[in-house]
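Number of protein chains: 2
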Amino acid sequence: MNLPEPTPERARSELAGIADPLSEDDDLVVAYARAIWSCLVEPGDRVAGALIATCGPVRALEIAVASTGGADVAHAAGLEPRELDKARSRWHPRRGDVAERMAAGRRAGARLVTPEDHAWPERVADLGPFAPVCLWVLGDVDALGAACPAVAMVGSRAASAYGDLLAEDLAAGAATAGVAVISGAAYGIDGSAHRGALAVGGATTALLAGGVDRPYPAGHRELLERIAAGGTVAAEVPCGSSPTKWRFLARNRLIAAMSDATVVVEAGWRSGSLNTAHHAAALGRPLGAVPGPVTSASSAGCHRLLREVQAECITSVADVMELLGLDARALNARTVAEASQTGEQGAGDLTRILDALSDRSARSGHDIARRAGFGSDEATALLGLLELEGTVERRPGGWVRARHRAAATLW
Amino acid sequence: MNLPEPTPERARSELAGIADPLSEDDDLVVAYARAIWSCLVEPGDRVAGALIATCGPVRALEIAVASTGGADVAHAAGLEPRELDKARSRWHPRRGDVAERMAAGRRAGARLVTPEDHAWPERVADLGPFAPVCLWVLGDVDALGAACPAVAMVGSRAASAYGDLLAEDLAAGAATAGVAVISGAAYGIDGSAHRGALAVGGATTALLAGGVDRPYPAGHRELLERIAAGGTVAAEVPCGSSPTKWRFLARNRLIAAMSDATVVVEAGWRSGSLNTAHHAAALGRPLGAVPGPVTSASSAGCHRLLREVQAECITSVADVMELLGLDARALNARTVAEASQTGEQGAGDLTRILDALSDRSARSGHDIARRAGFGSDEATALLGLLELEGTVERRPGGWVRARHRAAATLW
Numbered sequence: 001m002n003l004p005e006p007t008p009e010r011a012r013s014e015l016a017g018i019a020d021p022l023s024e025d026d027d028l029v030v031a032y033a034r035a036i037w038s039c040l041v042e043p044g045d046r047v048a049g050a051l052i053a054t055c056g057p058v059r060a061l062e063i064a065v066a067s068t069g070g071a072d073v074a075h076a077a078g079l080e081p082r083e084l085d086k087a088r089s090r091w092h093p094r095r096g097d098v099a100e101r102m103a104a105g106r107r108a109g110a111r112l113v114t115p116e117d118h119a120w121p122e123r124v125a126d127l128g129p130f131a132p133v134c135l136w137v138l139g140d141v142d143a144l145g146a147a148c149p150a151v152a153m154v155g156s157r158a159a160s161a162y163g164d165l166l167a168e169d170l171a172a173g174a175a176t177a178g179v180a181v182i183s184g185a186a187y188g189i190d191g192s193a194h195r196g197a198l199a200v201g202g203a204t205t206a207l208l209a210g211g212v213d214r215p216y217p218a219g220h221r222e223l224l225e226r227i228a229a230g231g232t233v234a235a236e237v238p239c240g241s242s243p244t245k246w247r248f249l250a251r252n253r254l255i256a257a258m259s260d261a262t263v264v265v266e267a268g269w270r271s272g273s274l275n276t277a278h279h280a281a282a283l284g285r286p287l288g289a290v291p292g293p294v295t296s297a298s299s300a301g302c303h304r305l306l307r308e309v310q311a312e313c314i315t316s317v318a319d320v321m322e323l324l325g326l327d328a329r330a331l332n333a334r335t336v337a338e339a340s341q342t343g344e345q346g347a348g349d350l351t352r353i354l355d356a357l358s359d360r361s362a363r364s365g366h367d368i369a370r371r372a373g374f375g376s377d378e379a380t381a382l383l384g385l386l387e388l389e390g391t392v393e394r395r396p397g398g399w400v401r402a403r404h405r406a407a408a409t410l411w
Numbered sequence: 001m002n003l004p005e006p007t008p009e010r011a012r013s014e015l016a017g018i019a020d021p022l023s024e025d026d027d028l029v030v031a032y033a034r035a036i037w038s039c040l041v042e043p044g045d046r047v048a049g050a051l052i053a054t055c056g057p058v059r060a061l062e063i064a065v066a067s068t069g070g071a072d073v074a075h076a077a078g079l080e081p082r083e084l085d086k087a088r089s090r091w092h093p094r095r096g097d098v099a100e101r102m103a104a105g106r107r108a109g110a111r112l113v114t115p116e117d118h119a120w121p122e123r124v125a126d127l128g129p130f131a132p133v134c135l136w137v138l139g140d141v142d143a144l145g146a147a148c149p150a151v152a153m154v155g156s157r158a159a160s161a162y163g164d165l166l167a168e169d170l171a172a173g174a175a176t177a178g179v180a181v182i183s184g185a186a187y188g189i190d191g192s193a194h195r196g197a198l199a200v201g202g203a204t205t206a207l208l209a210g211g212v213d214r215p216y217p218a219g220h221r222e223l224l225e226r227i228a229a230g231g232t233v234a235a236e237v238p239c240g241s242s243p244t245k246w247r248f249l250a251r252n253r254l255i256a257a258m259s260d261a262t263v264v265v266e267a268g269w270r271s272g273s274l275n276t277a278h279h280a281a282a283l284g285r286p287l288g289a290v291p292g293p294v295t296s297a298s299s300a301g302c303h304r305l306l307r308e309v310q311a312e313c314i315t316s317v318a319d320v321m322e323l324l325g326l327d328a329r330a331l332n333a334r335t336v337a338e339a340s341q342t343g344e345q346g347a348g349d350l351t352r353i354l355d356a357l358s359d360r361s362a363r364s365g366h367d368i369a370r371r372a373g374f375g376s377d378e379a380t381a382l383l384g385l386l387e388l389e390g391t392v393e394r395r396p397g398g399w400v401r402a403r404h405r406a407a408a409t410l411w
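Protein chains in written order, with the working numbering: chain V, 1 to 411; chain Z, 1 to 411.
Check before you lean on any hint, since a few could be wrong.
When chains are identical, the list treats them as one kind, so a pair holds in a single copy or across two.
[Said to hold, decoys possible] List time: in silico EDC-like cross-link candidates among lysine to aspartate or glutamate, alpha-carbon distance up to 20 Å:
1. Lys-245 to Glu-42
2. Lys-86 to Asp-27
3. Lys-245 to Glu-24
4. Lys-86 to Asp-72
5. Lys-245 to Asp-20
6. Lys-245 to Asp-213
7. Lys-245 to Glu-5
8. Lys-245 to Asp-367
9. Lys-86 to Glu-62
10. Lys-86 to Glu-100
11. Lys-86 to Glu-9
12. Lys-86 to Asp-367
13. Lys-245 to Asp-327
14. Lys-245 to Glu-308
15. Lys-86 to Glu-42
16. Lys-245 to Asp-126
17. Lys-86 to Glu-312
18. Lys-86 to Asp-140
It should be emphasised that the hints constitute simulated quantities derived from the structure, not laboratory data.
Since the model is a prediction, treat every value here as computed from it, not as a measurement.
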């Protein structure tokens with residue numbers, strides 16, 4: 001029960017609708033080989049990663065599906081001969097599943113993104129041989145964050161109202177500033193982070209543990225459809241794969257690896273999001289945690305991170321930007337400058353928003369939009385910019401102008 | 001108007017009820033000189049501190065009250081001749097207040113504690129020439145914490161219910177563990193910290209900015225009486241002194257210096273307690289801050305400390321004890337670092353096998369190997385391990401997950 005040879009013709013027909021139909025034959029064969037690889041391995045298969053890195057996915061696949069041989073490549077890849085034999089014994093039983101998985105991908109309308117694509121998030125290369133062989137994607141591949149800063153926002157499924165509010169606010173603020181928000185589509189914090197980014201029309205990616213054709217959790221089917229429409233739903237396992245516990249853990253490493261920084265918004269003492277935080281720290285990526293009441297069990301995990309691994313204390317969108325190494329004010333200034341250079345009245349727009357605000361009483365976004373003569377979405381985006389700049393403040397009832405504050409130092 | 005000479009007879013009569021009547025003459029004269037010094041200087045008078053350190057309080061006082069001379073001692077103390085002249089010009093006008101201040105001390109029933117006493121908190125020596133020359137005390141001098149660990153618990157006057165609760169809880173816990181709780185008797189956090197320590201019969205010291213005969217704030221008169229009854233009310237300024245702004249700042253340095261560690265329980269962005277935190281950091285003493293909701297302005301100062309000066313995140317009494325370097329109890333919970341080290345490959349492999357099993361229907365070893373992505377031999381070995389552990393069960397048709405399996409850790 002061997003796999004059919006990955007000829008250009010076969011690659012073209014198998015990847016119809018999945019890869020770019022205008023691709024060169026060689027590129028299609030490489031993509032096809034990677035797609036097959038994703039069907040044979042569990043996420044983070046080091047032997048597969050080492051082989052592919054050594055001789056490319058096509059040759060590596062030939063070696064993988066053969067019964068013997070390939071000792072020279074395995075040696076060059078730094079593998080013991082026994083490791084290749086052992087790997088074959090776990091890859092071969094899955095050869096029969098490949099055709100089914102590819103068909104499931106076509107049915108779901110999934111796209112294949114590989115390291116050869118411009119949309120590939122290069123950051124994952126830091127995983128070395130544990131990096132994914134490819135990604136299966138629904139939606140806008142640009143939301144994977146290859147071309148912009150990306151932040152992972154994760155946390156407890158059993159989030160409090162406080163945690164959900166913060167996740168939504170921080171994600172909306174980061175997305176407004178042009179940062180892609182990466183999360184895991186789980187109930188609680190993950191979902192709120194995606195919602196916050198979607199609310200401002202920002203880029204967001206939901207990384208799933210199972211195939212992208214299997215909305216998980218089921219109660220987030222509608223949210224996942226919205227993410228696929230406005231951002232990206234992605235997975236390293238092919239369509240038809242179920243979300244097992246192992247794959248959740250592997251998915252967590254990928255959330256961290258795809259992001260420039262990870263923020264744990266709310267987490268209990270043993271929250272799975274601490275696992276994502278651990279991966280971020282292991283990758284040397286900046287790690288932040290949002291504090292909460294010490295009387296709240298929902299924040300105990302965040303406080304652990306602050307205490308035990310010296311995570312940065314995150315209290316605002318500006319803190320998130322600082323964690324990413326981005327100066328929120330400079331970013332904003334550039335935006336305004338760009339806007340004025342292109343004659344888009346960017347500065348004028350901000351002035352109009354400021355004019356529509358009060359110093360004392362909070363006004364709703366809707367009210368401000370009306371007073372300033374903007375659509376609600378446009379007003380929300382502008383308010384987000386001004387919030388980053390510290391010129392306006394969010395209050396329970398809406399927005400107010402910030403009192404002028406000197407850039408106070410602590411002492 | 002010069003001061004009368006500090007003879008043993010005069011010292012004994014002036015310090016009647018204030019110092020130990022059984023003291024040796026020499027000790028009484030030293031104590032008397034220090035009491036006089038406290039009437040002449042503002043807290044933290046470096047010139048006074050340097051002179052006293054060089055030639056002792058009695059000789060230093062002679063030099064201080066003289067119109068000229070003492071250049072040799074000043075030189076030995078590292079002072080410029082001009083500094084001594086300038087200091088005299090600020091000390092001399094107060095010579096006429098000494099008798100009155102001493103009388104006020106006797107009326108208030110205050111006790112004098114000096115560096116020569118066993119009850120003197122040696123920690124304040126770290127202030128060098130800025131250390132107090134003596135302390136005026138109401139209550140149990142042992143609550144000054146000379147013989148036990150001491151923690152400063154400070155924070156905003158405008159505390160939230162959350163902050164008050166935490167201050168009381170943390171202070172009660174620390175006091176129960178034998179730690180003296182030092183604070184400033186202000187409304188809000190300070191008061192709650194004292195109350196928490198008193199509630200468990202623990203040691204607590206209220207350091208006042210004015211004289212101990214002037215309860216401040218007035219609304220804490222009753223609380224200060226309770227502190228004097230169960231702990232200590234102390235000040236470095238003599239009785240009859242009013243609490244000026246300068247003395248508040250000086251008092252803050254003393255709170256930090258009298259404590260092994262400082263914890264800011266709740267503080268706004270510009271809270272005066274950040275000043276105490278600064279002194280603790282400058283003295284190289286451990287500094288902790290209790291986080292709160294990032295939406296609460298009352299916690300903004302604590303979050304600043306966590307972000308800007310890397311204060312330790314304090315969430316519990318155990319954290320306070322750790323800040324003090326005291327191993328109060330062996331923590332049951334593993335640290336994040338420890339837990340992360342147990343994420344061995346083996347645990348992950350077992351998780352993958354468990355993922356491939358069903359709770360209900362038995363699956364063959366071959367089927368399980370394919371689902372989990374292992375060779376058959378490897379799967380069989382892992383299943384054997386899990387069987388030994390009681391996590392899986394062998395059935396006629398293969399293997400099932402056991403009903404009551406231990407929850408796996410995520411790390």
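Checking Lys-245 and Asp-126: alpha-carbon separation at most 20 Å within a copy, between copies, both or neither? Neither, since 23 Å and 55 Å both go past 20 Å.
Taking 20 Å as the upper bound on the Cα-Cα distance, should Lys-245 and Asp-213 be classified as within, between, both, or neither? within (18 Å within a copy, 67 Å between copies)
Between Lys-245 and Glu-42, at a C-alpha cutoff of 20 Å, which is it: within one copy, between copies, both, or neither? within (12 Å within a copy, 67 Å between copies)
Up to 20 Å between alpha-carbons, please classify Lys-245 paired with Asp-20: within, between, both or neither. neither (33 Å within a copy, 72 Å between copies)
Intra/inter-copy verdict for Lys-245 and Glu-5 if alpha-carbon distance must be at most 20 Å: neither (33 Å within a copy, 85 Å between copies)
Go through the copies and call it for Lys-86 and Glu-42: within, between, both or neither, with a Cα cutoff of 20 Å. within (14 Å within a copy, 80 Å between copies)
Is the C-alpha distance from Lys-245 to Asp-367 at most 20 Å within one copy, between copies, in both cases, or in neither? between (47 Å within a copy, 18 Å between copies)
Within, between, both or neither: Lys-86, Glu-100 at alpha-carbon 20 Å: neither (24 Å within a copy, 93 Å between copies)
Cα distance capped at 20 Å. Does Lys-86 pair with Asp-140 within a copy, between copies, both, or neither? Neither, since 38 Å and 75 Å both go past 20 Å.
Between the shortest in-copy and the shortest cross-copy C-alpha distance, which are at most 20 Å for Lys-86 and Asp-72: within, between, both, or neither? Classified as within; 16 Å inside a copy, 87 Å across copies.
With 20 Å as the alpha-carbon cut-off, assign the pair Lys-86 and Glu-312 to within, between, both or neither. neither (42 Å within a copy, 48 Å between copies)
For Lys-86 and Glu-9, with the copy left unspecified, which applies at a CA distance of at most 20 Å: within, between, both, or neither? Answer is neither: 32 Å inside a copy and 96 Å across each miss the 20 Å cutoff.
In this structure, the earlier hints numbered 2, 3, 5, 7, 10, 11, 13, 14, 16, 17, 18 are contradicted, and the remaining ones agree with it.
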